[in-house]
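In case you want the letters, here they are:
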Amino acid sequence: MARVFMKGCEAIAEAAVRAGCRFFAGYPITPQNEIPEYFSRRMPEVGGVFVQGESEVASVNMVYGAASAGTRSMTSSSSPGIALKSEGISYCASARIPMVYANISRGGPGVGSIQPAQMDYFQATRASGNGGFQMMVLAPSTVQEAVDLTYAAFDYADRDRNPVLLLADGVIGTMMEPVVLPEMKSDAEIAAIKASKQPWACTGHKLDCAHRAWIQPGQWSTAVQQEKNEEAAALYLSWEKDVQAEEYLVEDAEVVIAAYGISARIGKSAVNQLRAQGVRAGLIRPITVHPFPYAAFDHIDYSRCKAVLDVEMSIPAQFVDDVAAAVKDRCPIRTCLCSGGNIMSREAVLAAVKSIMEG
Amino acid sequence: MEKIYTRTKTIQEDKVSGFCPGCMHSTVIKLIGEALEEMNLVEKAACVLGIGCCGLHMDYIAYDNTTAPHGRACAVATGMKRSNPDTLVFTYQGDGDFASIGLGESISAANRGENITVIFINNGIYGMTGGQMAPTTLIGMKASTAPKGRIAGEHGYPMHMCEILNQLTAPAYLVRTSCNTPANVNKTKAAIKKAFQNQLDGKGFSMVEIVTSCPTNWGLDPLASLDFIEQKMLPEFPLGVIRDR
Amino acid sequence: METNLCVAGFGGQGVMTLGKFLADATCNSTDKKVTFFPSYGAEQRGGTANCFVVISDDDIGAPLGDVMDDLIVMNGPSMNKFLHTLKPGGTLFINSSIVSGQIGRTDVKLVKAPVTELALEMGSAKVLNVIMLGVYVGYTEVIAPDVVWETIEHKLASKPKLLPLNKQAFEKGLELGRAQRG
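Protein chains in written order, with our numbering: chain A, 1 to 359; chain B, 1001 to 1245; chain C, 2001 to 2182.
So here's chain A without its partners, still in its complex pose (with noise of 0.2 Å):
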């Protein structure tokens, strides 16, 4: 397959596009941007809807509505305006409606910084709505693994009927490099996914009170609410199965480096540098965020690894907890952080490890 040279943001929305995916609705912000234009040059060519929202609000339901009636759907903004969309977010989680969203992420808190940053991990995995819901998070580093991640995440979305994130940033949705595109889905497969949803979805049934579609972003009675929170909690623990990280020569190393996104790139590079110097390092970065690759951490050869380096674009530290939850206590955890604006800088990754390297 050829490559072609594409922006971040533009190939998750043709990733989208290829997915099935045949609604979208967003609301301008930067640095998503390229996301809805996207969108609206290439609905019109594959007959799918794009529509601009009066608000992050208005779209994220605009998508509620799309998906609740069996369309793949889609929305896209960056953190603040993320926010905003998680009363939507919740209500289709609640309503076990799937949907893909994603979060090209900036500087915070408040309106923060227009430029990249990785500042909202813990809305992302903790917290994205009311109502301690979870959803699958995953997290590219690169423009390629942003679109094959958008492409499975409608199947992910689908087979959970749950929301799914992507969570980018800035440098992801802005940069360009080569990708190879995955196949486009013919009209007769998305009509056969939108029609395997007729049972459910809200788009008229025979008068017949067990046959309508009720879709219930809530429970009148107390003891159905609980059912269906065990059913999602069930859902949740599934997803152990769908657990992906990169583990980078850890075997041996005395340095480890955590981290994910953009600044896993960076701390691979410095992997490379330190190696090429006879420093032992190396790189674990979950791609699925949440659930979180714990296990990938007791690869790690305790005996000789001197501290686990924690790397991330952002102050205080968020990505940190779900590293010390994994690393249990087995060895000192180390960060190197920045909260954002300018990308994570090599240099301040390297003097990090060397000073661990010195004691």
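Everything labelled a hint here was simulated from the structure, so no lab data went into it. There is no bait here: all hints are sound.
Listed below are the simulated DSSO-like cross-link pairs for lysine-lysine, each with C-alpha atoms no more than 30 Å apart in a straight line: (1) C:K2167 - C:K2155; (2) B:K1203 - A:K206; (3) C:K2126 - C:K2161; (4) B:K1030 - A:K206; (5) B:K1015 - A:K228; (6) A:K194 - B:K1009; (7) B:K1044 - A:K228; (8) A:K194 - A:K241; (9) C:K2087 - A:K354; (10) B:K1009 - B:K1203; (11) C:K2112 - C:K2167.
A quick note: this is a predicted structure, and the numbers were derived from the prediction, not measured.
Could you slot chains B and C onto chain A? The hints should help.
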């Protein structure tokens, strides 16, 4: 004997309405069901419910429905209708939902001329949460968050949604009706049918604003509530067709 | 082998296009890893515009490095802003029509091209970026000139009238770049 009236099949027989005595939600929901049946639209219907008492009938209607977050029904309906143009999509929203928290979604959907139908229940008060002030609460009318009554200088004036939406170019049909008399009930049903027909004809946004009562939170018995509608509500919210294109 | 390039100038000088042509050509014609990263600010116009291109045989870490191997500056403010990022022994490409005076560093190689004047002589101020792209490719040979030209040709497919002028600009740049090789 000829049967001239029967219960709509769109309301399940074994379910009990959660509405208070004298509440007009029951009346309007019956009218919607009759309209759907008479127009042979039940199997194409998808109702987007607002939050509050508006949602109390989700359990006993027999056609497809979903519940939108508070105020977002017009956005949810937009996504539903655009991705499934063959479905008859209508929202069922109260005054807090449509005219307060959902004002942005309501006006924007109307401005885009979304091909949906809005059934807007205006009883001047928040019902389910316990009688708080609504954007449509009358001047001087007491509410649990306006114990001295609505004061213009502090709370502003009642919002007239038909007239506000009439400032926009796109909407096809804006009408205000009531259910306080048998004649008005019939007019309301006719308006709902016309609004549904507009959607079938692809005319775009239609809204039926229905002035109703809330005996419980108004602190009036059902009959006195009818008088209150006639004497207080209708002078503020005059009935009639505001827009018909 | 990894090359980090920064291209900087005024908005409107086509610095993004220059970087994109180079990166796109690398994607189309080689198996190398390549990234293009535009700097972005809140302003729609004005100020300096700059982008970063990384071309590498191995996986690329940051799409904008801390230290540049090559730096192209199209105006004075960009020189002031980015000169310190150029590594010792790196190459500085300057638009000598606008950037004048002492550069203040003796530990870098200097390649000069009066691209603003040359573009005006050719009849369109807009092709200064294509001339500079030619200079860069001619000097560094980071990728083959013909694949760069094929990419330009492809990108301008909808405006065939512009091709002869761009061809002339690119060739002129190549000539200037090659002439300054050591």
